[in-house]
Structure formats: C-alpha cells, structure tokens
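Chains as they are written, first to last, in our numbering: chain A, 4 to 530; chain B, 4 to 530.
In short, the hints are calculated from the structure, not lab data. Positions of the beta carbon are idealized from the N, C-alpha and C atoms, including for glycine. Treat the hints loosely; a few may be bogus.
What the hints assert, rightly or not - Stretches of chain A that chain B covers, calculated by requiring three or more beta carbons in the stretch to come under 8 Å of a beta carbon on chain B:
(1) 130-144
(2) 162-171
(3) 466-480
Unchecked claim - Interface residues of chain B toward chain A, partial, derived using beta-carbon atoms under 10 Å:
(4) 27
(5) 124
(6) 245
(7) 263
(8) 300
(9) 427
(10) 453
(11) 476
(12) 495
(13) 526
Unchecked claim - What follows is a set of in silico ranges between Cβ atoms, one per label pair, in the way DEER data are often shown:
(14) 519/A with 24/B: 51 to 59 Å
(15) 99/A with 138/B: 14 to 22 Å
(16) 358/A with 18/B: 26 to 34 Å
(17) 358/B with 346/A: 53 to 61 Å
(18) 355/A with 24/B: 54 to 62 Å
(19) 251/A with 508/B: 36 to 44 Å
(20) 18/A with 525/B: 44 to 52 Å
(21) 462/B with 515/A: 48 to 56 Å
(22) 82/A with 283/B: 56 to 64 Å
(23) 514/A with 438/B: 15 to 23 Å
(24) 18/B with 251/A: 22 to 30 Å
(25) 508/B with 137/A: 25 to 33 Å
(26) 525/B with 417/A: 51 to 59 Å
2 protein chains.
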Amino acid sequence: MQLHGHSLIAGKLAPISSKTFNAFNPADGAKLEPAFLEGTHADADHAMRHAEDAFEIYRRIGDVARAEFLDAIAEEIMALGEELLQRANLETGLPFDRLTMERGRTCGQLKAFAALIREGSWVDARIDTALPDRQPFPRPDLRRMLVPLGPVVVLGASNFPLAFSVAGGDTASALAAGCTVVVKAHPAHPGTSELTAAAIYRAIEKCKLPHGVFSLIHGTGADAALALVRHPLAKALGFTGSLRAGRALFDAAAARQEPIPVFAEMGSLNPVFLLPGALRERSEQIAAGLKNSFTMGVGQMCTKPGLVFALGGPDFDSFAQKFRTQLQSAACGTMLHRGICENFHAGIERVRSLKGVVVLGESDADADAAKTQAEPVAFVTDVENFLLHRELQEEVFGPYTLLVTARSTAELEAAARSLAGQLTGTLHGTPEDLASFRSLAEILERKAGRVVFNAFPTGVEVCPSMQHGGPYPATTDSRSTSVGTAAIQRWVRPVCLQGFPQSALPPELLDDNPRKIMRIVNGALTR
Amino acid sequence: MQLHGHSLIAGKLAPISSKTFNAFNPADGAKLEPAFLEGTHADADHAMRHAEDAFEIYRRIGDVARAEFLDAIAEEIMALGEELLQRANLETGLPFDRLTMERGRTCGQLKAFAALIREGSWVDARIDTALPDRQPFPRPDLRRMLVPLGPVVVLGASNFPLAFSVAGGDTASALAAGCTVVVKAHPAHPGTSELTAAAIYRAIEKCKLPHGVFSLIHGTGADAALALVRHPLAKALGFTGSLRAGRALFDAAAARQEPIPVFAEMGSLNPVFLLPGALRERSEQIAAGLKNSFTMGVGQMCTKPGLVFALGGPDFDSFAQKFRTQLQSAACGTMLHRGICENFHAGIERVRSLKGVVVLGESDADADAAKTQAEPVAFVTDVENFLLHRELQEEVFGPYTLLVTARSTAELEAAARSLAGQLTGTLHGTPEDLASFRSLAEILERKAGRVVFNAFPTGVEVCPSMQHGGPYPATTDSRSTSVGTAAIQRWVRPVCLQGFPQSALPPELLDDNPRKIMRIVNGALTR
C-alpha cells in the first residue's frame with residue numbers, strides 16, 4: 004500500500020496543508036518517506052463535526068452490530084500482514100517479535116471488547132418498576148443504563164504503536180461504548196497510523212457504518228491535540244504520554260466552558276519493595292527478574308520498575324552484587340525516537356549529578372548514538388538521601404532504575420508514604436514478610452492502581468480484573484483503567500428513562516430482557 | 004439540646020474564632036441564636052488531618068460494620084425528634100410536613116446505602132485466576148475491586164437542609180464507600196447542621212469508630228470551602244448549589260497540584276416538551292401538574308421545570324388559559340433565605356426586561372417581603388425569541404417558569420438542540436406523539452441525565468435506577484449521580500491485587516466468596 008501522508012477526515016484525505024513532517028528510523032537515523040501533512044485546526048474541526056454526525060447513527064446501532072465492527076477491525080489489521088509490522092519496525096525500532104505480539108494484543112483487545120458488548124451486561128442496567136399504590140407517593144417506572152458520551156478524542160502513544168495507538172485500547176473501548184473517535188496520531192509513527200486507519204475504514208465499509216465514526220489527524224506539536232481537546236463537540240479525551248503533555252491537556256479540558264473528562268496516563272515509577280525473606284531466599288531470581296523487567300522494551304514501558312527499595316545489610320549487598328552482574332550482560336537497545344533517547348540521557352545525567360546517588364552497575368556494552376541506543380544503568384542511594392531529592396521521583400523513561408536502601412522498616416514506610424500516585428506497586432516477600440509488612444502493603448494500596456506480589460509490574464494482562472491506572476500523577480483519573488474491559492466505563496454516562504412505554508425502550512431495559520443481561524431489578528441482581 | 008455554635012473537628016469543639024454569623028428565620032426575618040463561629044483555615048486543616056488518620060482505620064472495618072454505622076446515624080437522627088424539625092423550620096422556612104418527609108428520605112438514604120454495602124456486590128469484584136501454563140506467557144492471578152478514595156469534602160446545600168446536607172446523600176454514599184467526610188455546613192441552617200452532626204457523633208460512639216471519620220466546619224463565605232477543596236489530603240468533593248460556586252470549586256480542584264474529582268450539581272432548567280396529542284387530550288391535567296411542579300418547595304428544587312416548549316396554536320392557547328387560571332390560585336411561599344429571594348426577584352426582572360417575553364400569568368396573592376416570600380409567575384415567548392436571548396437559559400431559582408411556543412417540529416428540535424446540559428428532560432405525549440417525536444426524545448437523551456415521559460421531573464426517587472446528574476452545566480461530571488445507590492461510585496477507585504495469597508486478600512476477593520457477592524470470575528458473572 005502506498006502511503007499518502009494525509010490526515011483522514013471521515014475516510015477522505017484532508018486537504019494539502021503548508022507544513023509537513025517525516026518519521027525517522029531510530030535504528031539508523033534515516034528519514035522515512037512519505038512526508039506527512041500537519042493537521043490543521045480546520046482538519047480538527049471537520050473531523051469533530053463528522054464524528055458528531057456519525058455519533059447520532061452509531062450510538063443507535065446496538066451492541067451486537069458494534070461487536071461485529073470491532074471484530075472486523077481486528078480482521079482488517081491482521082489482513083495488513085507484514086506491511087504493518089515492517090512499517091512499525093522502521094518507525095519505532097521495536098523488533099518484529101515484539102510487534103507481532105503487540106499486534107496480537109491489539110486484536111485481542113478489540114475482540115475482548117466485542118465479546119464484552121455482545122454479552123451486554125456492561126451497561127449496568129437497573130430497573131425499578133412502578134408502584135402506583137405506594138404511600139405517600141407512587142413510585143414511577145425508572146430504568147437506567149449506560150450510554151455513550153459522544154465523540155471522543157484519542158491521542159496515540161509513542162511506546163505502543165499498535166496497542167495504545169490508532170486502534171489501541173482507548174479507541175477499542177470508546178468504539179465499544181458507542182462513541183465515535185478522532186485519533187491524533189503520534190508523530191513518531193505516522194505510517195503505522197495511516198495503515199491502521201486504512202484497516203479501520205475497511206471495517207467501516209464492511210459494516211456499512213458512517214465514515215465519520217473514525218478520523219485520523221497527523222501533527223507534531225501540541226497544536227492539533229489542543230484544537231481537538233478544546234473543540235466544543237469533544238466529550239472526553241484518552242491519552243498516554245508524559246506528565247507535562249498530559250497535564251497540559253487536562254488543564255485545557257478543565258478550562259473549557261464545558262469541562263470534559265481526561266483520561267491521561269502519564270508516568271509512574273512503579274516502586275518495588277524487596278522484603279527480607281525474599282532477598283534471603285530468592286535474590287538470584289529477583290536480580291534476573293528485575294533486570295528483565297526494567298530493560299524490557301528498552302525501559303520504555305509505563306510499568307517499568309524505576310525504584311527498588313530494600314532494607315540495607317548483607318542480604319541486600321549480596322543481591323546488589325548479583326544484580327550488578329546481571330546488568331553487565333544487559334543489551335543496549337534502540338529507543339523509539341531521538342527525543343526520547345535524549346531525554347533518557349538527560350535524566351541519567353540529572354541523577355548522576357545528585358550527591359549520594361552512585362552508579363550501582365551498568366551494561367558492559369556501549370550505546371551507539373547513531374542507532375539511538377540506550378545503555379541500561381542502575382543507581383543506588385539510601386532512603387534519607389532519596390527523601391532529600393524530590394527529583395528522584397521524576398520518571399526517567401528508559402532502561403534506568405534506582406535502588407534505595409533503608410535502615411529500618413520505618414524508613415521503608417516513610418519512603419513509601421513519600422511517593423506520589425503510581426500505576427503499580429510491588430512487593431517481593433515470603434508469606435511471613437507479607438504478614439510483617441502489612442502496613443507497607445496498605446500504603447501501596449493507597450498509592451497504586453495495581454499491587455503486585457512476587458512478580459514484576461511489566462506485562463499488563465488484558466482482562467476484566469486488570470487495573471492500569473492509579474492516583475495522580477500516574478493518571479488524571481484514578482477511577483479509570485486504560486487496559487482491560489473495564490476501560491469501557493471511561494466513555495459512558497448513565498441515563499434514566501422514567502415512565503416510558505415498552506415500545507420506546509432499548510432492548511437492555513425491556514421487561515422480558517431479550518438480551519439476557521445481568522440487571523438490577525427492584526434491587527436484586529438478576530438475568 | 005443547647006446549640007454551641009462551634010465547628011466540630013473529629014468530635015471536639017473548634018477553638019473560638021474572631022468572626023461569627025447567625026442564621027435568620029426567613030418567615031419573619033428574626034435573627035436566630037446562637038451565633039456560629041466562622042471556620043478557619045486551621046479548622047479545615049485539622050479536620051482533614053483527622054479525616055486522614057481515621058481513614059486508615061475506617062477503610063478497613065468492612066462493609067458490614069459500615070452498614071451498622073449508617074443505620075446508627077439514621078436512628079440517631081430520628082432520636083433528635085421534633086427538635087431537629089423545629090430548628091430546620093426556623094432556619095429554612097420549610098413547612099413541617101415537608102421536613103418530616105425530608106427526614107424520612109435522609110434516613111431512607113442512609114439505610115439504602117447500608118443495605119447496598121451489606122449485600123456487597125457494589126465493589127464490582129473481578130477475578131482472573133492464574134494460568135501458569137498459558138503460552139507464550141503465563142497469566143498471573145489478578146483480583147480487582149473498588150476501594151475508597153480517601154477523606155472527602157461535602158458541602159451542604161441550602162434547599163435540602165437534611166437530605167442534601169450534613170447527613171445527606173453525599174455524606175451517606177461517601178461513608179458507605181469507606182471514605183471519611185468533612186462537611187462544610189450551609190450557613191443558612193447551621194443549627195440544623197450542628198444537630199445532625201451530634202447525631203453522627205452519637206453513631207460514631209455507638210459503633211466505636213474514630214471521631215475523625217466525620218467533621219463539620221461552619222462558614223459563610225467561599226473561604227472555608229476553598230480551604231477544604233485545596234487541602235492536599237482531600238480526595239474528592241461533593242457539592243449542590245449554584246453554577247458560579249460549583250464552577251469556582253471545580254476550577255480550584257482542577258488547579259491543584261493533584262487534581263481531584265468534583266461532583267457539583269449546579270443548576271438545570273429541566274425542559275418540558277408538551278407534544279400535540281397530550282395538549283389535546285390532557286391539557287387540564289398537565290396545567291395542574293405543571294403548576295404543582297414548578298411551585299413545589301417554592302420552586303427551590305433542582306428539578307423544577309423552568310422551560311416548557313410546545314407547538315403554538317389553539318390547543319396551546321387553550322392549555323395556556325387553563326395554566327393561567329391554575330396559577331392565579333397558586334400560593335406565595337417563604338423562600339429559604341433572603342439572598343435566594345433577592346436573586347429570584349432579580350431574575351424575574353431580568354426576564355421581564357427582555358423584548359418579546361411577556362407575563363403569561365401569576366398568582367393573585369401578593370408576596371410579603373417581610374416573610375421572604377416569592378410569588379409564582381410564568382412568562383411566555385416563542386422559540387425564535389428564545390434562541391435570540393441566551394439569558395433565558397439561565398436558571399431562575401424559585402417559582403418561575405417560561406413557556407415557549409414553536410411554529411414547527413423543526414423549531415422544537417432546534418430549541419432542544421440549543422439547550423445546555425440538564426438534570427432532566429420531560430416529554431408529555433400520547434404513544435403516537437412519542438413515535439412521531441422520536442428525534443426530540445433522542446436529543447433530550449443527549450442533554451439530560453433523566454428523561455421523563457408523562458410526568459413531572461420534581462420528586463426524585465431514591466433507588467438503584469435513579470440518575471440525578473447530567474451533562475455540564477447541570478453537573479461537573481455527567482458520569483455520576485447524587486441520588487440513588489449508584490452515588491457510591493463517586494467515592495471509589497479500582498485496585499487490582501496481583502499474585503496475593505488467600506491469607507492476604509479481602510473477603511470480597513477470596514476464592515470461596517464468603518460474602519456471596521456477584522463477581523466477574525474468569526469473565527463470567529457469578530456468585
């Protein structure tokens with residue numbers, strides 16, 4: 004497929020604009036063709052208007068038709084074949100096996116949401132039937148279910164060019180909910196985005212849906228994203244990226260005449276606590292696991308463990324030695340793009356300059372700047388020093404982690420209490436550790452969306468019980484997840500219909516429950 | 004019970020402050036004793052710190068213990084007896100029968116939340132069990148449930164001194180969720196608030212809970228409220244009141260270093276559409292119903308119908324004549340306080356000054372200013388003029404409504420489309436009307452949280468299927484309700500526990516489901 008480089012507004016190529024940009028291959032610095040046209044304010048406006056018009060139709064087609072659409076998108080993504088993986092590899096430097104897996108996850112997500120809405124109970128239907136003779140007042144017939152918010156905006160992430168991008172989790176969950184979607188593509192992988200958008204349009208045509216259900220806007224700066232988030236027709240925003248960008252979007256959304264919800268996943272240190280029993284019994288295994296976890300995907304994971312706490316002492320020293328050895332053999336890796344690589348190195352230098360923070364170990368290999376590479380590195384400090392330097396709580400995106408030793412359980416807890424909101428918090432320990440460090444676990448539960456025991460936080464399962472989200476600044480809305488089927492709840496609001504005849508009710512709220520969904524009827528859960 | 008006039012910080016009287024204020028009896032303008040001490044920033048800070056400390060205990064006591072606490076609050080409120088009603092009557096001018104009903108609703112809410120959490124399924128528990136042999140990666144054991152956000156702030160409303168105030172819906176739902184609560188009392192009914200707080204403390208003692216679970220701060224200006232919403236320990240805010248105040252609180256919360264959710268219910272015009280068949284067949288009944296609805300509680304209801312649309316013509320004229328007659332016999336009523344009464348009259352004058360808006364009818368009685376009275380009044384205009392004057396979409400709180408005639412269905416729909424977000428939207432029609440005006444119903448569903456057919460929006464049932472909320476500016480978060488058991492969802496966020504042994508899991512997430520709650524286990528809903 005020949006890439007055209009245009010934004011796609013309801014299936015049509017956006018007009019030529021004055022500015023263009025190119026993607027680059029981070030593995031060799033080569034400029035990639037074609038040039039992509041910067042989206043304009045007019046493009047954003049047209050896309051939102053089409054999304055609004057299409058919403059009036061799309062919200063009415065029903066869950067079953069929407070499920071077919073999601074399945075069709077997954078099929079069309081697979082039908083793109085190797086071309087998609089090749090372009091994604093060129094634009095991101097991510098290896099083929101990882102991209103193949105990510106494509107599987109992307110299609111798996113689409114199918115998971117299709118299954119969720121086909122089953123149908125997600126609408127949280129509630130019915131309280133009329134009690135005309137109740138005293139002192141009769142009760143009217145009341146029926147409530149979740150309905151889609153309207154057209155929503157999704158911003159593609161750099162680190163998952165498929166699973167958190169054009170047809171990623173936010174798009175899949177929003178389309179499942181019945182929202183129409185305008186995606187602002189991440190400028191580091193515009194070709195991958197264009198290919199994915201083409202797959203979505205093929206699914207739209209296959210399912211005979213209005214093209215305005217989906218649009219794709221390209222752009223390098225904040226301009227196109229801000230135009231979308233400020234657009235009066237936009238009803239919510241999904242975003243994965245930096246704290247700075249996420250906060251700017253949140254602020255723009257909050258400053259609107261009609262504020263809209265922003266689901267921004269922004270950054271997390273994913274603290275890991277190594278408890279004494281675990282260090283004693285499994286230090287070799289933990290050292291290997293930690294190395295794998297913080298270098299996975301060249302450390303460009305939202306759930307990369309960037310902080311590791313433990314009580315100091317001989318067991319820690321022995322663990323640190325093993326971890327240092329592991330680290331020596333860790334490979335350098337090509338980062339997603341030059342900007343991320345520069346930020347990584349700046350972050351490392353910032354840490355290196357802090358008093359009392361020293362390098363614990365690093366890879367024996369040398370990073371090749373021409374290949375946009377990063378070299379895995381770990382630092383070490385103590386809790387006292389950690390608490391002195393608030394900068395150590397800034398995320399360094401890439402293969403970096405910081406080990407922090409405590410002199411006492413109280414210090415460990417103080418460190419945990421000092422943490423801002425996180426996507427994850429992890430404990431490694433024996434069952435006895437877990438009993439003795441109960442209050443530490445309780446602190447983590449207040450800090451994080453997911454608390455992990457005896458595993459590493461990277462590797463986020465897509466399933467109903469996943470929570471990928473957490474208190475600020477991990478996200479702007481801790482009540483929400485960006486991974487797993489519960490993500491559909493981002494894009495909906497409840498509507499109560501009072502006194503409507505059966506002929507005017509949606510199937511989910513009919514007396515005879517034709518969809519056989521779980522509902523709360525007169526206070527009791529029932530199918 | 005002798006009122007002391009202090010804010011109550013974790014059960015203790017707040018220190019003397021330099022400023023005081025008094026409540027007034029709106030029915031005769033008399034100043035009511037005692038003077039109440041203005042809450043200070045220090046009071047707010049102390050209350051939040053106690054709320055944080057108490058949260059660490061309260062969040063762990065379990066749903067069953069929390070249910071007992073809620074029931075105990077309801078009992079203690081009833082035990083206040085006539086004294087509560089008498090003070091509320093003095094401070095608000097609301098009649099005893101209304102206050103008795105409101106007390107019933109307040110206690111009913113507390114008991115409804117107690118029943119909800121006793122049953123337990125509200126935590127939306129989800130379990131995906133480990134698949135250690137899955138390829139290419141094993142699946143870990145993942146278990147997710149809703150947990151309380153932390154200490155929250157509730158601002159009492161003026162128009163429901165019991166049901167939306169100190170122990171009202173926000174407090175009841177937040178306590179049910181496991182949050183601790185700091186209430187900023189509405190300054191128009193501080194004595195009622197102090198009495199209710201005393202009931203809550205008796206329940207706290209009866210249930211042996213930490214006193215910091217609840218605090219009450221008095222204050223007349225925005226100062227105490229802003230100190231609370233800006234406090235770093237506050238994790239969410241519930242509010243019912245004006246758009247101006249609600250937006251100021253929302254903006255303050257969004258500007259925090261850590262933004263917090265704000266559930267502000269702010270104002271609604273609650274548009275009513277009278278469709279042709281209904282006007283033809285039931286104009287007498289609708290005229291009487293409309294009069295009752297817009298004058299109920301002296302028009303001081305969030306769901307008061309403030310806009311009534313219909314096609315112009317002989318049927319409308321005949322209806323208007325009947326409505327005018329109804330209106331003549333409508334009684335004047337004492338409003339909640341002088342400020343509200345002044346705003347009402349200013350609002351009426353603003354409407355009266357607009358070209359093309361004329362008085363349709365009013366009460367034959369004259370409002371007595373010494374009794375803080377308002378006189379029911381209805382205006383009429385046409386859609387063309389309505390669309391010209393955006394001011395007509397500003398809420399006039401009190402017994403005022405505006406009838407708007409359309410020349411065509413298209414004009415009716417244009418008027419509906421022009422509306423901002425609403426708590427409710429109402430249609431009166433025959434089944435045939437409903438079929439012919441389907442797109443009007445669809446517009447209302449996008450504008451409102453509750454769509455009512457053939458009834459009036461006032462009278463909000465407390466039940467699982469109620470939705471009392473709606474798109475901005477009706478509320479700041481359309482995904483939430485302030486009435487009904489679903490309100491508990493405001494105060495919680497999901498946490499996923501990964502790989503934890505059974506011994507460290509809460510009962511809701513144990514394999515054998517000791518609480519017998521509905522859960523999603525490996526994708527299927529089951530008890």
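Could you tell me which of the hints above the structure violates, numbers in ascending order? 2, 4, 6, 8, 16, 21, 24, 25 and 26
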